[in-house]
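Novice: Could you use the hints to bring the two separately framed chains together as a complex?
The listed protein sequences derive, respectively, from chains A and B.
Following numbering that gives the first Met the number 0, the numbering of the first sequence begins with 0 at its first residue and continues without gaps.
Following numbering that gives the first Met the number 0, the numbering of the second sequence begins with 0 at its first residue and continues without gaps.
I should point out that these hints are in silico values taken from the structure, not numbers from a laboratory.
Some hints could be false.
Stated by the list, open to error - For each label pair, taking beta carbons as the anchor points, the in silico distance ranges come out as:
1) D39(A) <-> S89(B): 18 to 26 Å
2) R32(A) <-> G94(B): 25 to 33 Å
3) Q7(A) <-> K105(B): 30 to 38 Å
4) V20(A) <-> A56(B): 31 to 39 Å
Stated by the list, open to error - Below, a list of computed lysine-lysine pairs in the DSS-like style, where the Cα atoms sit at most 25 Å apart:
5) K95(A) <-> K153(A)
6) K42(B) <-> K98(A)
7) K107(B) <-> K95(A)
8) K38(A) <-> K137(A)
9) K127(A) <-> K51(B)
10) K95(A) <-> K127(A)
11) K153(A) <-> K98(A)
12) K153(A) <-> K139(A)
Said to hold, decoys possible - Anything over 12 Å on all C-beta distances counts as not near chain A; from chain B, calculated:
13) N16
14) M29
15) G110
16) G118
Cβ atoms here follow ideal geometry from the backbone N, Cα and C, with glycine treated the same way.
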Amino acid sequence: MPVDKVVQVSQTKPVYGEILVYGQYTFGIAGERFFREIKDNGRIMGTRCEQCSLTYVPPRIYCERCFNGLKEWVAVPSTGTVHTYTIAHFGLDGAKLPKPAIIAMVQLDGVYGGLVHQLGEVRPAEVKIGMPVEVVFKDKAERVGSINDIAYFKPC
Amino acid sequence: MLTPNYLIALALDAVYNNPLSYNPYFIAGMEMNRYLCESGTTKEQCALVAVKNRLNALLNPQAAYSERITVDEVLDSEMMFYPLSRLDMSCPADGGIVMVLASEEKAKALGDTPIWIRGIGWCSDAPSLETSEGVENASRQSCSG
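Bound-form chain B, shown alone (with noise of 0.2 Å):
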């Protein structure tokens, strides 16, 4: 049966990692395992961001996923993709944000509220999983589990 995940691991490289047949929300799980051990942060402070982020999807009737939870709650929910837990992830949304970029002059005539950009800026990734910004830096720094 043709699943969402599939699709989303043809996203995949075609040679050295879709032919593995993981579901793809494995990176996700190894990226937050490598980050929890490299910067000492904890799982409940990853919990603390899920249940800001479902609390400020209360103050907007657009948000699908707005609800009251607990960090326990998040805790406490289904393993998925140790360490990440079902509340830790994000559910897919399908959506379309429209930005108005106008200038300062412009900006202030078209409303009270103009929201300032403060910075802008770009970085490019390597071209493998394998050779990515986390790999890198392990050549650099050790980390004992």
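Isolated chain A (complex conformation) (with noise of 0.2 Å):
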């Protein structure tokens, strides 16, 4: 159907319809495989760039120091520190949670970056910055791909 150029405002019309809005993420070159590693093998891999000496995690497919393609994957300890954390007592809804949830940056041992995720196994008073902590994965069967198949870090 043509449209005509509307020119002035009082020519325009409200039309009614719906539109659907629709968004999918793919999870990107590196993002597949280091989510295809957890859910498959349950091991957290990185990139890895020699030139600079440091492993990627969240895996990147180019270094952000010198710009080389990264190829080299590596399997990266399962165990880091607890960079800093917070007591979340409200949830995505706004709503006070029955139960208050940890949340940490976890810097896993060797890599640069983390992840960030819940800590389980322990309680707030006890979490310190600095803590040593492992991660904790889904049973394999529930695992779909998705950095929920790690249900939590646990101290060490």
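Specialist: Below you can see the structure in the form of structure tokens.
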């Protein structure tokens, strides 16, 4: 249907209908490998830049320092330290959580970067910045290829 | 029910962060906690900022959240995203700012009280929360909670 160009505001008219807003996000080249390794093999992999001596998690396909393409994948330790954390008393819907969630930035050992996730098997008052933790994956049958294939990190 | 937090959460990384379904203010809580740890700044000192900001707002008749509060009121306010309490947090506000930039000569001609720009800085952050400045620093300095 041809649409005439509206040149005067008074000529505008409403058109009723629905626009379906539909969005999907792919994991990207590095993200796909990363989540497949978690789902299928229960391990965390990063990409390695030998020139800069950096292992990236989340993995990248280019080094942010030297811009080299990164093809080398390495398994990284399932352990790390709590770089920082918060105790969330409110959920995404704005409602008070029945049980506060401990959310941490975990810096994985020997890795540039880390992962954001919950801490489990620990009480909020026991959590400290610098505390050593290790990843706990969901059972393989429950893993779907998602950051939620990690159940939580626990003290170690 | 669609709440503003869902929309804010859409600004998080769609693969690594958003699927965790956390209230996006968790980032502010984590950043404050790391900041307190690294700098030795206290919760009381942070509360003074909230007190000062709301007090200054009383000078502006257009300000939305002006009030006279005390440090104790900030410290005693409900814990939201530890160590962030309710009164530490700024309230949502919609608004716009217009700045008229002019040369020194023009600025003096236009008014008696021009505001002088003393410096401008730019920086860019890492593409992911996990490699933002704070985490990078962690590899060089340790902090004994």
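Novice: Please go over all the hints and tell whether each is borne out by the structure.
Specialist: These are the hints, each one checked on the structure:
no., hint, in the structure
1, D39(A) <-> S89(B): 18 to 26 Å, "violated (44 Å)"
2, R32(A) <-> G94(B): 25 to 33 Å, "violated (44 Å)"
3, Q7(A) <-> K105(B): 30 to 38 Å, "holds (37 Å)"
4, V20(A) <-> A56(B): 31 to 39 Å, "holds (37 Å)"
5, K95(A) <-> K153(A), "holds (24 Å)"
6, K42(B) <-> K98(A), "holds (24 Å)"
7, K107(B) <-> K95(A), "violated (53 Å)"
8, K38(A) <-> K137(A), "holds (9 Å)"
9, K127(A) <-> K51(B), "violated (30 Å)"
10, K95(A) <-> K127(A), "holds (23 Å)"
11, K153(A) <-> K98(A), "holds (17 Å)"
12, K153(A) <-> K139(A), "holds (18 Å)"
13, N16, "violated (6 Å)"
14, M29, "violated (5 Å)"
15, G110, "holds (35 Å)"
16, G118, "holds (27 Å)"
Figure legend: structure checked against the earlier numbered hints; hints not met, in rising order: 1, 2, 7, 9, 13 and 14.
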